[in-house]
Structures are given as structure tokens and as C-alpha cells.
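**Student:** Chains as they are written, first to last, in the numbering used here: chain H, 1 to 189; chain U, 1 to 497.
Be aware that one or more of the hints could be misleading.
To be verified - When the alpha-carbon atoms are kept at most 20 Å apart in a straight line, the in silico SDA-like pairs for lysine to any residue are as follows:
1. 98(H) - 35(H)
2. 429(U) - 92(H)
3. 429(U) - 110(H)
4. 153(H) - 384(U)
5. 174(H) - 54(U)
6. 179(H) - 415(U)
7. 174(H) - 55(U)
8. 174(H) - 409(U)
9. 179(H) - 408(U)
10. 163(U) - 431(U)
11. 174(H) - 340(U)
12. 98(H) - 164(U)
FYI, nobody ran anything at the bench for these hints, they're computed from the structure.
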Amino acid sequence: MRPAPIAGPGRGGRLDMDDHGKHHDRANRPAASLRAVEAGAALLFFALGLVVIYDSVRLGARWVDDGPQAGYFPFYIGLLLCAGSASVLFGALGDASKRGKVFVTRGGLRQVLTLVVPAIVYVGLIGWLGIYVSSALFIAFFMWWLGRYPVLKIVPVSVGVVGTLFVLLDLWFKVPLPKGPLEAALGLN
Amino acid sequence: MEELNALMHGFGVALTPFNLVLMLVGVVLGVLIGVLPGLGGANGVAILLPLTFSMPPTSAIIMLSCIYWGALFGGAITSILFNIPGEPWSVATTFDGYPMAQKGQAGAALTASFTASFFGALIAIVMITFVSPMIASFALQFGPAEYFAVYFLTFCAFVGMSKGQGLKTIVSTMIGFALASVGLDTVTGQLRLTFGYVSLLQGFDFLIAVIGLFGIGEILLTLEEGLSFRGAKPRMNLKVVLETWRELPRFWLTALRSAAVGCFMGIVPGGATPASFMAYGVAKRTSPSGAKFGTGEIEGVVAPEVANNSAGTSALLPMLTLGVPGSPTAAVLLGGLLIWGLQPGPLLFQEQPDFVWGLIASMYLGNLAALVVVLTMVPFFAAILRIPFAIIGPVIMVVCAIGAYTVHNSMFDVWLMLLFGVAGYVMRKLDYPLAPLVLALVLGDRTESAFRQAMLLSQGSVTIFFSNALVGAITTLALAMLFWPLLSGAMRRLRAA
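Can you build the whole structure from these sequences, using the hints too?
**Tutor:** Printed below as a string of C-alpha cells:
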């Protein structure tokens, strides 16, 4: 399903979730509670600390004849990371003021995912189509999906932006960026 | 007046036609970056850094620092016209700037804010001109222990000023240090935290982290909050500018006070954002019209704008003299110096006087250029803000991806940028400060090597950090900052009891 247009033409640049009250209620329902995400993040950081400690001990985190070993400094970093995130975790679980608070609503999460998912596809396409073609497709997709622009506007804007970038980066600054079959066909490699 | 001679020499270095063009380009790009969501001083400079690798270092830093000045100026435009701060340090500017715009005084508010920004920056640059050579020559006596103490103080200052998020600041800092230690350990030649992955051999580049955390993270926040850019149309003309200028000298005391707050907060890595809030608070308490603050008082625009620009500018002082950046953008500039093969720190003043004084001279010129650019081009920048997000959002995303790729010509970095983007979004929403993470990532290696060398000198005893008056004083100050949240909390409880 395509979401309601965001800041599209004739919308006065407004970002409306949905115009209908029913949909609005659903969009405002929580997707994740603040405490759950807070605890999840703290656990993740704690795990990161454990990984750092583990690797530091593997390398040697002690003092030897010629000075500190490679893991000496990171060991304490990991230790502090674990201690800090554990305190954040217990603080978050014990903090009554955070109870019932929402980290992100369903509507908000959907907005965020409308960028994250196409962005993942976009980065995946770069290796295959080159950065210029995938960028044009990405911009065009967004204008169509979020802005509901007509094709007559989408094509000039996306091609124009990417064309400007190409002239600036490839021809002027000579920055080597990944290219794909289109550039090869046009002899621009 | 040795400094004045050096400065004049610097003007000679900076005043070439090529550098002047770069200055103007930098300022315009900077203002643009400052007004667009998802692009800010730090990641804007990070994205453009690879483009400057082929330039002479002095020209490169002139352009990049001008982007920074532009961003410092530009943040106010969205605050005043749209009630949306383009940069975190312009939040306080919305308090009185937006009400002024609603009353039809957008032109006056913008003029006041730009002039105040220029004044703040000017005070900070004068301070840099005269104070930095002293600090640099003082810092020549620093050994590894002193350096570690200074780094330690930098990170403790973040904790001390974190306003109730001390633990999260520590976690953020440690994540930065942990990421910095990934890759080849230069002392022992061993691989750390790579777990056999070839992509991790090089470690995490802070430029990627900056582009992801600040760029992508910010776009995600903007999307979720559903920001709408609907605001006042600026009416700027010479008459409004001159009328406002006639009014401004009345606020000289507020401006000076705010500049003092800004300079102090910029050197101590507190940053421009708290400085602007502090200056606003001080002005509100001391001004005779303080009760009317928040309803559109011109003084309420002047105070935060003077402070954030003087803080943002003076953040370069510790970067140049000690190699310790005072803000994320200064950290990116520091990374640039390292890439160009310059070692920031006290020796820079002796070994690269052309570079240092060229940069300082360019600060005067760049800020003047920024003032002219923003005063004349406000309608243009406001028009850019009216481009719908469905167009500008993906364009910013594309620019970020290109910026991330060009750092090492690696697709792995682009994926990393996305990962950092999502992490930045979540961490921002959970009130984890991102600036200490970036600073720790930049300073990680230097901090560790200073620590190792100091410990080697003392054969593993931490008493070396108290071995003389200087290092002892810095360490004690750092510890006081670190435990300040606990101390102030305990004092408050005592007083309440």
C-alpha cells in the first residue's frame, strides 16, 4: 500500500499521516515502548562491551615486560561500556516516569521504514547498476511513492539532479564512483 | 605584537583569488547545509572532505572551515522563518526569532541574528589570534601524561555538562573508543576486534560514522516527526538591515556577556548548543526587558546567536593548539588535518606557520563573507526550504551515500553508513549524546597511545597522572567534571533535607 503523500504537490508541504480519523488512530498506536527500546539498546551495548572484553583478553590485557599488551586499553573500555550500559539498563527498568511512554508510534515507524527499506535496496543496487543510475531510480521512486508526482516532473528532476552530480563529480572533480552497464554503453567509463 | 605580524602574513597566504573563490563557495555550501535537514556542519564537512584531498592543505581547510562558518550562520534562518532549528545550536534562537517573524519582523530578526553571529565569531577569532600562540607554546612542554590528562578532561567535560544523562554519555564515549580500537594495533601489530573480517582491518572511519549518525539519523528523525516547512516569508532589504543595525548597539552588554559564555563553552568541549541556551538564560535574567523574552524580543535573538557562533568558532582553538577538537565539526576538520599529513598540536604553529595563520586570517575573511552572503541571499535559501521533502530527502540521502563511498572507495562503508544512520536515530531518540562518540572515535588512537606512553614512563603506575602540578591539576579537574553530576545531585539533596 502506498502511504499518504508526504509534502507532495498541492499539499502545502505538509506531512500528514492520514486524512481519515480511523487511520489516524491506528497510526498513533505505539509500535514500541520507550522502556523496551531503552532496555534493548542497553543490552546491545552491554553485549558489545562483552565482545570487546573477550577479544582484549584473547590478545592479552595485562602488563608484560615490554609494557602494556594490545588488549590493555580496550579491556578497560569494554569494562566501562558494560558497567555503563548495565547501569542504564537498571535505571531504565526502575524509572517509573518512563512507564507507558512510547518510543515510536506505528505511523512514525512506517514513515521511518519508508526511507530505510528503499535505502537498503538503493545501496544494494549500487554495486550492480552503478551509483548514478541507482541514485536516479532512488530519487524517482521517492517522488512517485511519497510525493505522488506525475512522471513529467519525476524524470527531469531525478535525471537533472544525477546529471549535475555526474558533471560535478566525474567530469570536474574526477572522483571515481562505481559505474554500471549504462555508463559502459554510453562510453563514459 | 608578534601575533599581528603573523596574522598579516596569514592574510597574504589566504588572500589569493583561488582561496577567495573557495571561501565564497564554502560559505554558500555551508549555509545550504545549515538550512537543510539531515545535513549539518559535521557531516557536510565530512562529505566534502574527500573532494579536497587533491587541494593544497591551506586552501582545503579554508574551504572546509568556511562551510562550518556558513552552517553556523545558516542554522538561524530556519529557526526564525520556520520555527525549525536547522542545527541544534539554533534551538534557542527560535524562542524569540519565530515570534518576531510572526509579527512581520522576520527581516529584523534575521539581520539581528546574522549581525550577532558575526560579532560572536569575531570575538572568538580575536581570542584565537592572541591566545592560541600562548597555549601552543605552553603545550610544547606537554608529555604523554599531560596529553592523556587533556583527553581525559575532554571526555569528562561531556559527562559533567550532560544534564542528567551522565551514564549515557559514558556509554556513548566508550562505544566510540571501542570502535576506534578496531583494526590494526600500530604498537604491537596485532589485529583487534576484527574477528577475521578483512573489511574491518582498516577499522571504522569516523567520517562514515559522522555521515551516518548525523546525516541519515537526522533524516529519519525528520521523517518520523513529519516536519512541515511552512513559515514566514522574509522581507529583507537595505532599509530593514540599516534600521536593525541602528538598534543593535543598545545590546552591547548582552552581546559581550554572550560572547564570553560562548568562548568559554567552545574551548571546554561543551559546545555551541549549551552555550546558546546559557546565553539566552543569562540575558533573560539580566535584561530590563527580560520578562518579555519569548514574545519576540530582539535581544533574545542576539544573545543565543552571539554565543553559538563564538562557541562554534572557539572550538577550533583547542583543535589547533592541542589537537583536541571542541565540537564534532572541529573533530572532522582535525581528521582532515591528519589526512593532509599535518599533525595538529603545538608544533603546528612552529612547523606550519603558513597553514595556521592562513587559516586564522581566513576566519576573519570567511565570517565577513558569510555575513554578506546570508544578508543578501536569504530569499534564495528560504526558497530551497520550500522544496518538498519527497524530493530533497532522497537527494540528501544520495549525497550522503556518495560522501560515504568516496572516503575509501568502498561499498562496505556505504552499508556501514546506513547502519550508523539507524543507530543514530535510535540513540538520538533515547538521549544518547552523539558528539562524545564521534570525538572518541577520532581521538581514540591518540588517547590510547598517550595512555600507553605515560604508563610506560611510570612502569604501570597511575600516579603519573598526579606526578607534577600541571598534570595533577588537569586530572583533578577532569575527575571533578566526571563526578559533577553525582556531586551536584548530592548537594541538592542535602540542601533539600
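**Student:** Run every hint past the structure and note whether it holds.
**Tutor:** Hint check results:
no. : hint            : in the structure
1   : 98(H) - 35(H)   : holds (7 Å)
2   : 429(U) - 92(H)  : holds (14 Å)
3   : 429(U) - 110(H) : holds (16 Å)
4   : 153(H) - 384(U) : holds (17 Å)
5   : 174(H) - 54(U)  : holds (10 Å)
6   : 179(H) - 415(U) : holds (17 Å)
7   : 174(H) - 55(U)  : holds (13 Å)
8   : 174(H) - 409(U) : holds (13 Å)
9   : 179(H) - 408(U) : holds (16 Å)
10  : 163(U) - 431(U) : holds (11 Å)
11  : 174(H) - 340(U) : holds (19 Å)
12  : 98(H) - 164(U)  : holds (15 Å)
Hint check: no violations occur; every hint is consistent with the structure.
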